Structures are given as C-alpha cells and as structure tokens.
Amino acid sequence: MTAVKEVGMVAHYGEMLFIVGPSGSGKTTLLSMISGILRPNAGKVLVKGEDIWALTTDRLAEFRLSTIGFVFQDYHLFPRLTTAENVAIPLILKQKNWNESIAEARKYLEIVGLKDRGETLPVKLSGGEQQRVAIARAIIGGPEILIMDEPTASLDGDTGRMIIAFVKEKVLNEKRCILIVTHDARINEYADRILNMEDGHLTNAVKGNE
Amino acid sequence: MKHLGILRIGFKLLINDKAKFSALLIGITFAVFLMMQMTAMFAGILNRAFSTVTNIGASMWIMDPAVNTASSAIPLPNYLLDAVRSMDGVLHAVPIFMGSAMVKLDSGVYQSANVVGLDDASLLGRPNLEQGNIQDIYADKAFVVVHDAEYPKLESPVIGGGFELNDHHGRIVGIARVAANGLNGVPTLYTTYSRAIEYIPTTRFTISYVLVELKTVDAIATVKAAVARLGYVALTRDEFNQRISNFYVYRTGIGTNILLMTVISFIVGLSISGQTFFTFILENLEKFGALKAIGAKGRDLVYMILFMATFTALTGYGLGIGLVTLMISIARYRLPNYAAMITFGNMGLAFGMVLLIAGISSYIGIRKVLKIEPFDIFRG
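Protein sequence lines, in the order shown, are assigned to chains U and B.
Be aware that the first sequence starts at 1, since it is given in this note's numbering, and climbs by one per residue.
Be aware that the second sequence starts at 1, since it is given in this note's numbering, and climbs by one per residue.
Looking at chain U on its own, in the form it has when it is part of the complex (with noise of 0.2 Å):
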C-alpha cells in the first residue's frame, strides 16, 4: 500500500506550514520523508537543492542533527534526565562538551520561559512546559527546518494556541522553516500557509498558494 502519492511540494524558509487532512491520510509519512527517517520508495527530497535521500546513512543522520528539529507528538524527553540535560542531547550528539551543552541548554529553555526548571525532572511538568522543552530540544542545535508533529494533541485548547504562537513569535525566522502536522483547527490561525492531505495526495491549499 502506498500512503502517500504523487506529492509536490515546497517549504520556504520564513514560514510556517501547516499539513492537515484525517487520519490515515499520509501526513506524518510525508513529514518522515521530508526530515530524513522515512525512505521514499521513489522521488526525490531536496533540501537546498540537495537530495537527501541520496545521502549514506551516517551522512543522513548528521543532516537530521543539524538541519532538522524534532517536536514529537509525545516530546520523548527522557523522564531519567532533567530538562537541562534532555535539551542539551543535540550538543552532546554533535560532541560538544558536557558542561558547555548543559549551560546552552538553560540559555534555551530561559528562551521558553522555563529559566528555573533547568534540574528538574520531565514529569514534573505540565504538559504544555513539555513540550516547551521538546521545543527547546529542537531547536537548541539550530535547525533550518523545525518539524512539530500533532503540537498540540496533549493540550488543552488555550496552552495548544499559546504555544504555537510562542514557536511563531520566538523560534520562527527568516532562515528557518516550520513544518506542522496537525488536526487541530483552532491553531490555524497561526499557520503562513495549510497545506490538506487526503489518501496520500496533497490535495487542495485551504489557506494560501498550494
């Protein structure tokens, strides 16, 4: 089975995208393709005009470590590591030193409003300061392309719309993208541009130019 057909599309840096469309529809399978961990079975993934899927596993991996930033669904922060040390990750994966990541990482989560929180544990939170963590985490090494997957499905409607508008306001730029999958209309109001997904086909734009 296919899930996701025939798809062309393009992000440009600056803005913030967002996928809609049912479930099933093959929105996450193309956000996989984009950012490096799902292999298309044909068709390319230019990122500057570079293909990435043409790049060897390693290559591919150091792509996704320093051109994209995940926000997953359910964050996956480690509950074992303090949000300091699970927003540092990106650095220790690059190698950079221990105590220069962690003292980076406070900077970032000082950017989400989680300044005093630095040694304490992920399920001490609130939802919503997880995923300002999560957020935290993904953009800490500086990503091109931000990927947020389903951002505000643990929310609850008012901390879902604050953060989407905090990544607007504070973590969306001019040389970085923002890919969002959502089901979530009540955050579309923020989106630059919808994008809707329907039996794996980009189907129509709902919210400026396909």
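Honestly, the hints are just simulated from the structure, not real lab data.
As the structure is a prediction and not an experimental result, all values here were calculated from the model.
Glycine residues also receive a C-beta, built at the ideal position from the N, C-alpha and C atoms.
Mixed in with the good hints there might be a few duds.
To be verified - Partial pick of chain U residues on the chain B-facing surface, computed with a CB cut under 10 Å:
#1 Gly36
#2 Ile37
#3 Leu65
#4 Thr82
#5 Lys94
#6 Lys96
What the hints assert, rightly or not - Derived DSS-like pairs: lysine-lysine, alpha-carbon spacing no greater than 25 Å straight-line:
#7 U:Lys94 <-> B:Lys297
#8 U:Lys5 <-> U:Lys94
#9 B:Lys12 <-> U:Lys96
#10 B:Lys20 <-> U:Lys124
#11 B:Lys371 <-> U:Lys94
Stated by the list, open to error - Per the computed footprint, the stretches of chain B lying under chain U, defined by three or more beta-carbons under 8 Å from a beta-carbon of chain U, are:
#12 12-22
#13 292-304
Once you have looked at the hints, place chain B on chain U.
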C-alpha cells in the same frame, strides 16, 4: 574522548532508574558471589590437597604409578632409593615416610594424626620452627608438631608436652609453621624417618616417596626415563600437583559438581541481568528511537548500551568479589580450617563470565535498539 557525552547520558539513564539498576546489580553480584564461592571452595580443596607437596617442597617425587594423591602413598622398595641415587643428574635422593596413627593425649582422648618421617641424615622437607630447635628432632622420642588449624585437636601441646603413639611415648620438641593446611582435618607430627617406622606399623616396604634434588633442570627428562624403566614414576612438584588436581577434578565428582554449580550461577546471573536489562531497553526503546530521529548514529547507541551493560557488570563484579571476600573472611574467623581461597584464576574466571553476561545482555539490547525505526516514533 569523542563519545563521552553519549556515555554520560547512558550512565545517567542507568543509575537514575534506581529499581532496575538495583535489580541488575543484585543479579550480577549474586551470580559473581555464587561463582566465586564455588570456585574458591574448589581452589581451597585443591590447595589443601597440594599441602603435602607444598610443605615438603622437594623438586621431584618418585612414586608408584598408581598414586593419585600425596596421602595415598604406596610403599616403595629400598632398592629403588639406591637405584635413584646412582642415576645421572641426581644430586641427592632421600626417603620420606608418610603415615597416620592414633595419638593418645594426656587427657586420655585419642586423636588421629598424620606422621611425617623425614630422612635422618638430611631432614629434607623439614618445616620452619616457630619454637624449638630442629636439631632436637634427633632427641629420644622427639616429635615436632605443626601449628595449623588442627593444632588444637592435640590439645595445643607445648614444648616438653607428651603423648602416646602405639604404646610408644612421644615428646614435643618443636612447634612448626607450614605453608598450607592439610585436607583431611587432622593434626600433623614430624619426626625422623627411623623413628616413624619404629612407632608406626608398616608393610614390608616403608618408603612412601623418594624425594629427589637434581643437579640441573636439564636432568628431569633423563631421571624420569630412568625411573620409568624401573616401573615407577618421577614427577616434578608441579606435575604431582597436576596429578592430584586431575584426581579431584575428574575422578571424585567434586570438579563436576563445582562446574555444574558455577554454570548454574552463571545462568542465574544471566537470566536476572539479561531479563532486567532487556526490560530496561524496552522501556526506553521509544527514547532511543527519538535519539535516532534527532541524529544519533547507530554506533552512538551501541556504545551507550555497551557502556551501560559493562558498567553494571563491572560494578556487580566488584560487589560480588567484595561480598565473597567478606563471607570467606567471616567463615575463616569462625572456622579457622575453612577451605576456600580466592585466587587470580577464579577471579579471572568470574570476570570472564561477567563479561559474557554483559556481552549477551548488550547484544539483546543492541539488536532491539538498532531495529527500532525513528519513523515508528512518529507513527506513535
């Protein structure tokens, strides 16, 4: 170090999960404790079994081919002694007597004892004396008692103390210290060869072993061949120990039992730690998948898991060694004759087994982690 950061993440993941880390440590510590205890007991038994060879210290022993242990000597004819003395490469050859007898103590109690009769002329194999003078062994009725764990069984005799041995009166003229305690749990008395065969009823032949010192080590093969032509066996000290060891390992069942217990201990340790480590990996599987999605390479995760398993294994190994040392020390304190000893050999064996446990546990975990696709994390 390149991967220090990822190893530190692994370390924190491991030790911060206190319940799992404790279970892993308990599993490995318990396995090491059991493996060490079993092999230490066996090493202790062998050490005791070697005690006669160790304490006498001769470099070559001549014996009947049927002899398996030092205590089961088969008497040798006197002509063998003369023949050996005339062999090329032999510096000197002396007889030694080894027997046992019932000793009647001053209190009227009978106690069995080993009696070692040393060559009258050379006293080859004599023990070091704590008290007394070795020359006094030539005095009338003279015996030297060994001050080992069995010494109190002779009611802790002092110099000048007496006893009866087969209706002969004996007198303590010295108290000796030897390198190793005996296996049979009976006290040991040294005297001259001539007095020993006078006090203890013997067969027609009275020489238990012929002890040989060679002119050079090159003469070993020549002497062994010459002795073999006479129908007897000449063994170096190490060869005799090996023969004793082989007897206990292969012909008494002790070796098989110890081996079985060691293997069972290994399986218990592997089961507990392997299972717990696997559960630990399963619980963190999504997180490992997230790490892969973020950009961790497969080898980063392999290093992390190997480090976690090795760290746990080595910590458990250290605790296990500590525990078994403590247990043996306590046992020795309460039972001075307790036959268990920790050797580099059995520590090495346990270390190898623990590394194997770590390796197998890691392999299971690594397989699982390398299989997880980051896409699975997205899919939820």
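Hints that the structure is at odds with (numbers, increasing): 8
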